[in-house]
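Visitor: Next come the chains, spelled out residue by residue.
Number of protein chains: 2
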Amino acid sequence: MIKKHYLLSPGPTPIPDKVLSAAAQPIIHHRSKEFSNILKQVMEDLKYVFQTRQDVFVLSSSGTGAMEAAVVNTLSPGDKVITINGGKFGHRWSNICSAYELNVMEIEVEWGEVCSPEYLASALKSNPGTKAVFSTLCETSTGTIYDIQGYAKVVATSATILIVDGISGIGAASCPMDEWNVDVLISGSQKSFMTPPGLSYIAFSDKAWKQVKNSTLPKYYFSANSAKESLSRETTPWTPATSLVIQQQKAFEIIREIGLDNLIKHHRILGNAARAGVKAIGLEMLSKNPGNILTAVKVPEGIDGNKLIKTMQKKYKVYIAGAQSPHTGEFFRIGHLGYSGGFDIITALSGLEMTLMELNYNFKTGQSLSAAQKILKENWS
Amino acid sequence: MIKKHYLLSPGPTPIPDKVLSAAAQPIIHHRSKEFSNILKQVMEDLKYVFQTRQDVFVLSSSGTGAMEAAVVNTLSPGDKVITINGGKFGHRWSNICSAYELNVMEIEVEWGEVCSPEYLASALKSNPGTKAVFSTLCETSTGTIYDIQGYAKVVATSATILIVDGISGIGAASCPMDEWNVDVLISGSQKSFMTPPGLSYIAFSDKAWKQVKNSTLPKYYFSANSAKESLSRETTPWTPATSLVIQQQKAFEIIREIGLDNLIKHHRILGNAARAGVKAIGLEMLSKNPGNILTAVKVPEGIDGNKLIKTMQKKYKVYIAGAQSPHTGEFFRIGHLGYSGGFDIITALSGLEMTLMELNYNFKTGQSLSAAQKILKENWS
Numbered sequence: 001m002i003k004k005h006y007l008l009s010p011g012p013t014p015i016p017d018k019v020l021s022a023a024a025q026p027i028i029h030h031r032s033k034e035f036s037n038i039l040k041q042v043m044e045d046l047k048y049v050f051q052t053r054q055d056v057f058v059l060s061s062s063g064t065g066a067m068e069a070a071v072v073n074t075l076s077p078g079d080k081v082i083t084i085n086g087g088k089f090g091h092r093w094s095n096i097c098s099a100y101e102l103n104v105m106e107i108e109v110e111w112g113e114v115c116s117p118e119y120l121a122s123a124l125k126s127n128p129g130t131k132a133v134f135s136t137l138c139e140t141s142t143g144t145i146y147d148i149q150g151y152a153k154v155v156a157t158s159a160t161i162l163i164v165d166g167i168s169g170i171g172a173a174s175c176p177m178d179e180w181n182v183d184v185l186i187s188g189s190q191k192s193f194m195t196p197p198g199l200s201y202i203a204f205s206d207k208a209w210k211q212v213k214n215s216t217l218p219k220y221y222f223s224a225n226s227a228k229e230s231l232s233r234e235t236t237p238w239t240p241a242t243s244l245v246i247q248q249q250k251a252f253e254i255i256r257e258i259g260l261d262n263l264i265k266h267h268r269i270l271g272n273a274a275r276a277g278v279k280a281i282g283l284e285m286l287s288k289n290p291g292n293i294l295t296a297v298k299v300p301e302g303i304d305g306n307k308l309i310k311t312m313q314k315k316y317k318v319y320i321a322g323a324q325s326p327h328t329g330e331f332f333r334i335g336h337l338g339y340s341g342g343f344d345i346i347t348a349l350s351g352l353e354m355t356l357m358e359l360n361y362n363f364k365t366g367q368s369l370s371a372a373q374k375i376l377k378e379n380w381s
Numbered sequence: 001m002i003k004k005h006y007l008l009s010p011g012p013t014p015i016p017d018k019v020l021s022a023a024a025q026p027i028i029h030h031r032s033k034e035f036s037n038i039l040k041q042v043m044e045d046l047k048y049v050f051q052t053r054q055d056v057f058v059l060s061s062s063g064t065g066a067m068e069a070a071v072v073n074t075l076s077p078g079d080k081v082i083t084i085n086g087g088k089f090g091h092r093w094s095n096i097c098s099a100y101e102l103n104v105m106e107i108e109v110e111w112g113e114v115c116s117p118e119y120l121a122s123a124l125k126s127n128p129g130t131k132a133v134f135s136t137l138c139e140t141s142t143g144t145i146y147d148i149q150g151y152a153k154v155v156a157t158s159a160t161i162l163i164v165d166g167i168s169g170i171g172a173a174s175c176p177m178d179e180w181n182v183d184v185l186i187s188g189s190q191k192s193f194m195t196p197p198g199l200s201y202i203a204f205s206d207k208a209w210k211q212v213k214n215s216t217l218p219k220y221y222f223s224a225n226s227a228k229e230s231l232s233r234e235t236t237p238w239t240p241a242t243s244l245v246i247q248q249q250k251a252f253e254i255i256r257e258i259g260l261d262n263l264i265k266h267h268r269i270l271g272n273a274a275r276a277g278v279k280a281i282g283l284e285m286l287s288k289n290p291g292n293i294l295t296a297v298k299v300p301e302g303i304d305g306n307k308l309i310k311t312m313q314k315k316y317k318v319y320i321a322g323a324q325s326p327h328t329g330e331f332f333r334i335g336h337l338g339y340s341g342g343f344d345i346i347t348a349l350s351g352l353e354m355t356l357m358e359l360n361y362n363f364k365t366g367q368s369l370s371a372a373q374k375i376l377k378e379n380w381s
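For the record, the sequence lines run as chains L and D.
142 is the number that the working numbering gives to position 142 of the first sequence; each next residue is one higher, with no gaps.
266 is the number that the working numbering gives to position 266 of the second sequence; each next residue is one higher, with no gaps.
Simulated from the structure, these hints should not be mistaken for lab results.
Cβ atoms here follow ideal geometry from the backbone N, Cα and C, with glycine treated the same way.
Nothing false has been slipped in among the hints.
To be clear about the criterion: a stretch of chain D counts as covered by chain L if any three or more of its residues have a C-beta under 8 Å from a C-beta of chain L, and this derived list gives those stretches:
1) 6 to 15
2) 90 to 103
3) 211 to 221
4) 232 to 240
Straight-line Cα separation of at most 20 Å, EDC-like style, residue types lysine to aspartate or glutamate; simulated pairs:
5) D:K207 to D:E229
6) L:K213 to D:E101
7) D:K310 to L:E34
Starting from the given sequences, assemble the full structure and let the hints guide the process.
Guide: Structure below.
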């Protein structure tokens, strides 16, 4: 048999052919009018998906670079901050803030659990003078979606700013930056944006820009003021990853055609189908509040989690993701973001069923497929 | 007439078709064995062009990101440093060091001039306790090549480290890192490496690693220790720009086939041809010590420099670069690095001659072409 490869990880995600082939175009100069026009269009499209009237800057880095940009541009040495850590990426906020010697108060949340806005409100109350609250929109390590709207309401009444990692979330989950009063929002090219990894995106609210003015943490490559200043010349301060920007423009053509609301609905259907599928064969979700970006599923008792992932990846070429340290082997993650369709869910579940048969898990085969298929069929329009 | 587009800027440079089309391959996961093998190969190839036995790390950023990485990983607040500033990129070292509140002693060199090793030695003598000297291998804003071997000899006898920006230089100019005792060497994908922009490269000598251990400047995304630690798992700390890494691997296949020595010779021939060409029509080089990466040529008296560049770029579609601020309009730069061939020099000179005719410059047409052609013909093997 020819074994085709299926990428079903929560980033990088599959890319439309039209976007892939755009990278094979000859290189144009990054200071040319031609490239400036592409960059301008991408920045307009970014405003559309961020749902903001603010400039959304294009950084040539992974999402972690944009996270660092959010920290170094808004804060000063010794500033008090609160981070919500319910997984690997929430924890990364704490790590970056600690690297810059900020005064970090971490709200530790068990993997898969959420932090309520009320809890955040009480944490803020007991930590007066907190300059920023850091959260994740969708915690990619657990598949959990956080109540950003709730956090924003809590934070909006104070001088504190709310900084949100929307790397895997934006485009697949609703997070209207301006309407909800998110102060710094970041994302990356390789998730719902249907583009290869290498670009990250960041926007600041008026309230955040005021903090940018007073921020004294050192910065150069990630300086928001440099990015803002270059914008007047329709360019970026440093040579951008031009071919990725060109690809992002092509991907936005597709996203615009679908429409943001439809894209979010699409992800909801995929998420519902994935969850219904795994439940139908007796598996349990890791997350108490799963989003539609990925589905994290607990490895059932008696099954070797590492073997499960390895079998799916190597034998069936269905590239799902395992759990990250310190929970390796305990659960697995099926991505359904970016350029993912209904039959990708069917493929993932079929690969999962074949693997579970091999590992002697006791279940009625085909059940996950028909459960998922039912939801896809009902919503197929 | 169909007006074809020719990219002749000192970065980004033209990319071989084989490298361009590699970006159109479907995305693979960055934590897969398949990608690890590609990354390992690229890191081996980087050692080959850096001429070092040290690890050369792949960063997802422009070259400026690698410059920042060189600073934040080796230094601590208040450290005394010397920067050699003979153009825009030398000046960038000063800017980055100042952004991190280092104690910067800048050797200001006129654009196109060089700094002698003797001058550096005396500057070091009058600044005891200097932690690092920053230089550029090829100053892209002026086309000047610096005496890195000479600087390294001066610095090697002290506790100071030598940090070299080889972004446009490496691969086109000789700079054997280990043999010359360069302590930190950086480069980028979009210059002689025949790959689109978006990746940068950095290596540290044993002496530099010792300074990394003691460095207390804040860092996260650009942390050398994180990169080193991830290497044991054959990966990068953050999601890398996978498609660019795959392209870089393809480009290295071409570079390995040519061989580094031949590649450097090739650039020497192109440089000789370009210089002979412009001299033959009475034009003057900006640089007192021009390298073979680009040729910076003074705009002759009575000619509008901005019009010259605009005409070449817009009318003849020969995309050479102008001079950067504060010397805009005073000279222009013909790039001959990366995937550039002999006839690209002929094209550049022909576009230049046609433009100069249009601007009523007094010269004997065809002279630059035959002068360049003579050198190319003699060396055509």
